[in-house]
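Residue numbers (our numbering), protein chains in the order written: chain A, 248 to 592; chain B, 896 to 1165; chain C, 320 to 578.
Honestly, the hints are just simulated from the structure, not real lab data.
Be aware that a few hints might be false.
[What the hints assert, rightly or not] Here are the simulated lysine-lysine pairs, DSBU-like style, with alpha carbons at most 30 Å apart:
1) Lys-453/C - Lys-1043/B
2) Lys-392/C - Lys-277/A
3) Lys-492/C - Lys-559/C
4) Lys-901/B - Lys-452/C
5) Lys-1043/B - Lys-276/A
6) Lys-391/C - Lys-277/A
7) Lys-392/C - Lys-1043/B
Fair warning: this is a prediction, and the values are worked out from it, not measured in the lab.
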Amino acid sequence: MHMADALISPAVGGVMWAATAGLITYSAKKVKEEADDRKVPLMGVLGAFIFAAQMINFSIPATGSSGHLGGGMILAILLGPYAAFLVMASVLTVQALFFADGGLLALGCNIFNLGFFPCFVVYPLIYRKIIVDDLTQKKILFSSLVAAIISLQLGAFGVVLETVSSGISELPFRTFVLLMQPIHLAIGIVEGLVTAAVVSFVWKARPEIINAAEHSVPIGKIDMKKVLLGLVVAAVIAGGALSWFASSNPDGLEWAMFKTSGKEELESHETVHTSLSGIQEKTSFLPDYGFKKSEPAEAEPEADVKTSWPAIDAGTSVSGLIGGTLTLLIAVLIGLGLKRRKVKS
Amino acid sequence: MNNIGKNSFDIGYMDTLAAGDSLLHRLDPRAKLITTLLFIVTVVSFDKYTLSAMTPFFIYPIVLISFGGLPYGYILKKLLIVSPFAILVGIFNPLMDREILIQLGSIGISGGWISFISIILRFVLTVTAAFILISLTGFNAVCGALIKFCVPRPFVIQLLFFYRYIFVLTDETERMVRASSFRAFNSKAIGFRVFVSLIGNLLLRTLDRSERIYRAMCCRGFDGHIRIIRSMKIGYQEIIFTFGWALLFIFLRYSNVPLKLGTLIIGVLK
Amino acid sequence: MSHHIVEAVDLHYTYPDGTVGLEGVSFHISHGESVALVGENGAGKSTLLLHLNGYLTAWQGTIQIGDYILTKKNLQAVRRCVGMVFQNPDDQLFMPTVFDDVAFGPLNLGFTQDEVERKVTEALETVGVEHLKKRPPYKLSQGEKRSVSIATVLAMSPDILVMDEPTSSLDPKSRIQLIELLKTFRHTKIIATHDLDMAMDLCERTIVLHQGKIVADGLTLKLFQDEDLLHRSSLEKPLKMQKCPVCSSSLTTHTTVLR
Chain A
248 MHMADALISP AVGGVMWAAT AGLITYSAKK VKEEADDRKV PLMGVLGAFI FAAQMINFSI
308 PATGSSGHLG GGMILAILLG PYAAFLVMAS VLTVQALFFA DGGLLALGCN IFNLGFFPCF
368 VVYPLIYRKI IVDDLTQKKI LFSSLVAAII SLQLGAFGVV LETVSSGISE LPFRTFVLLM
428 QPIHLAIGIV EGLVTAAVVS FVWKARPEII NAAEHSVPIG KIDMKKVLLG LVVAAVIAGG
488 ALSWFASSNP DGLEWAMFKT SGKEELESHE TVHTSLSGIQ EKTSFLPDYG FKKSEPAEAE
548 PEADVKTSWP AIDAGTSVSG LIGGTLTLLI AVLIGLGLKR RKVKS
Chain B
896 MNNIGKNSFD IGYMDTLAAG DSLLHRLDPR AKLITTLLFI VTVVSFDKYT LSAMTPFFIY
956 PIVLISFGGL PYGYILKKLL IVSPFAILVG IFNPLMDREI LIQLGSIGIS GGWISFISII
1016 LRFVLTVTAA FILISLTGFN AVCGALIKFC VPRPFVIQLL FFYRYIFVLT DETERMVRAS
1076 SFRAFNSKAI GFRVFVSLIG NLLLRTLDRS ERIYRAMCCR GFDGHIRIIR SMKIGYQEII
1136 FTFGWALLFI FLRYSNVPLK LGTLIIGVLK
Chain C
320 MSHHIVEAVD LHYTYPDGTV GLEGVSFHIS HGESVALVGE NGAGKSTLLL HLNGYLTAWQ
380 GTIQIGDYIL TKKNLQAVRR CVGMVFQNPD DQLFMPTVFD DVAFGPLNLG FTQDEVERKV
440 TEALETVGVE HLKKRPPYKL SQGEKRSVSI ATVLAMSPDI LVMDEPTSSL DPKSRIQLIE
500 LLKTFRHTKI IATHDLDMAM DLCERTIVLH QGKIVADGLT LKLFQDEDLL HRSSLEKPLK
560 MQKCPVCSSS LTTHTTVLR
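Next comes chain A alone, as it looks inside the complex (with noise of 0.2 Å):
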């Protein structure tokens, strides 16, 4: 499943867009190093194949549904992780970008999700260690079911995480975790069939294809270590960046706002802020979850949170409701406006 900008916040999203950020450069550098001249055009091509493989949907056996080819393994499989990475990245950006699947703030959550597992966690952990030397039948069904099954479920596990670290939406963390994890073991199943019965046609018929693949990826090279603590180094930096920028402490954001737009403003935004806290409070499930944002609302009873709602009394908020859809009016014949100002000249 995609992440969706709409789920997001601007923390999160931003957090794994440095992740991801960091991973595209490292990969990019790591291809330019591999100096394979003939990956260029391949890497194209398999990203517009895997596009369109992505749109036909076949129909699972022995149930109603029906599904499609997620495809990192099988680019890993063919390209090594780097140049994979770099391919299901480039996917996902087209996707966003002209089919709205997610949006371009949680792009940089759904190429962690759906190419950091599959290229740098499954294929050289699990992958490439079943299949050692010779390619079987049975081998390639085994490590295919399984890196798919592993790689879809941390993937899942990922959507969740980033899901209620952002508060945006109110499903608690153990449903949605029921919800999502079996849904992608079922997913990662079938993936791991459709893989592993690719894999198994290229290399009938084209055995060489797979065997160049396998020798000529130099996965020795891949430094996990370095890897996971670039990424660490990474959130830390923009989780820390953003905490500030969001911060708890009102003076830096009145600060910006006083310079801004003037002293009333900051009345409203001592309400956005308290109803921000307040909600922070609210949706901590996991108490352990250390919200940067909130570290001056943790100390706030629970008793202010229930009484600063009703402070947002029914004057304010109808206020709020009918500016809310003036606006949208007014909107809306402006745009009127512009078009027929057009169609005039």
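Add chains B and C to chain A, keeping to what the hints say.
Just chains B and C now, kept in the frame of chain A:
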């Protein structure tokens, strides 16, 4: 299955729109990219119960669509197509969050519904902004901007090549699927085995194609580096555009204009 | 810019899977000649063409392009001389826009941005598609793609133009336009084709390949009259040289009426 042709037509259509000639089209892609990103980040930064404060943000897509000469109907249609996803995502909120937050006379609106509508609003705004970016700029130009922003070259080159061949591959896939459907008795979805054989063949052909492209590249002196010329200029128009919108976004984000408007009206009515 | 000859001496090539590609192919093509390369599918036409710019390396024999004997070291120089246009334009147009595709070659050869732009404009004007400069390749018709493919090669200012099935999948009008265009080129031209009518129009000389060997090499018109040769090489006479179905049928009906 039947989506294939429609999807590639869709992408192609957005490219056609991007070839238009308006003031907005002629702006440097970097300005449009930055503004779009600022917009999305600002919208998404609202807390989950925000409704009215978000509404002024509709001015951005509306102004851009109008001045860019983009077709409203097309964009709305695209929105509708992807909206079930947003609804699916947000529908849990009203179920889980039942606490009444707003009382309108005898009707109580729960926080869940408010956050649900907020999700929908957020979704509409961010998705429209992305569509508008592509429709006014074109994918290739956006990639050009990415290179200038020091996004790693191998990745952007990948984006360009991939995009170039989307149409070729979707064409090929559509033909294969169509051919197989003429021989199938189940018109719904393809069977597993047929799918595997289809995909397998497509993959083999793709690999062959890659080899032929590589051959053509070598014949024109390819040495591993892809060189692209793009002449881009940042002028005062771009600066006004970007900074103007940025300031507006910040202003709208931190001052709840609709709230003031509503209060004003209620004050007047009283 | 003098004697741009193409000389092949006793070329032998076998594919990795064991199929014989070329067997003892030798020929000499002079500066400015137009030569058609004909033969049935699998005769070795494409294989031979790929040797001419070093993409494939013969196991035995040599190739001389202009002053160079083809070796691994002078590949870049040779590729500047020999422009190759492939059968499927989609394989040849891989860049985001037409301009990018045509600029690809000159950029690889190290020209400056101004020089590249000049060369691109010239090449596009020559084939008559300058107005398509900013278009992405997928928005072109088959004929336009074909023209742009030729432009991508022309921009490198080659002396020798090698083309693989240039008229395949072109509609009649585009085909005529292409033939007219090619007639204006002063380059040495080597064209592999099934379109024997085009060969007649464009190439005064023809080489016939059959199962990797040259079975005939001479004046186009003369070869196409040799029915025995055509039959042995699994070829047919150009349509122009065959009996016109309309004329022959009206003759018979006329005769019937007269009776």
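Problem set entry | Enumerated hints in conflict with the structure, sorted upward | 7
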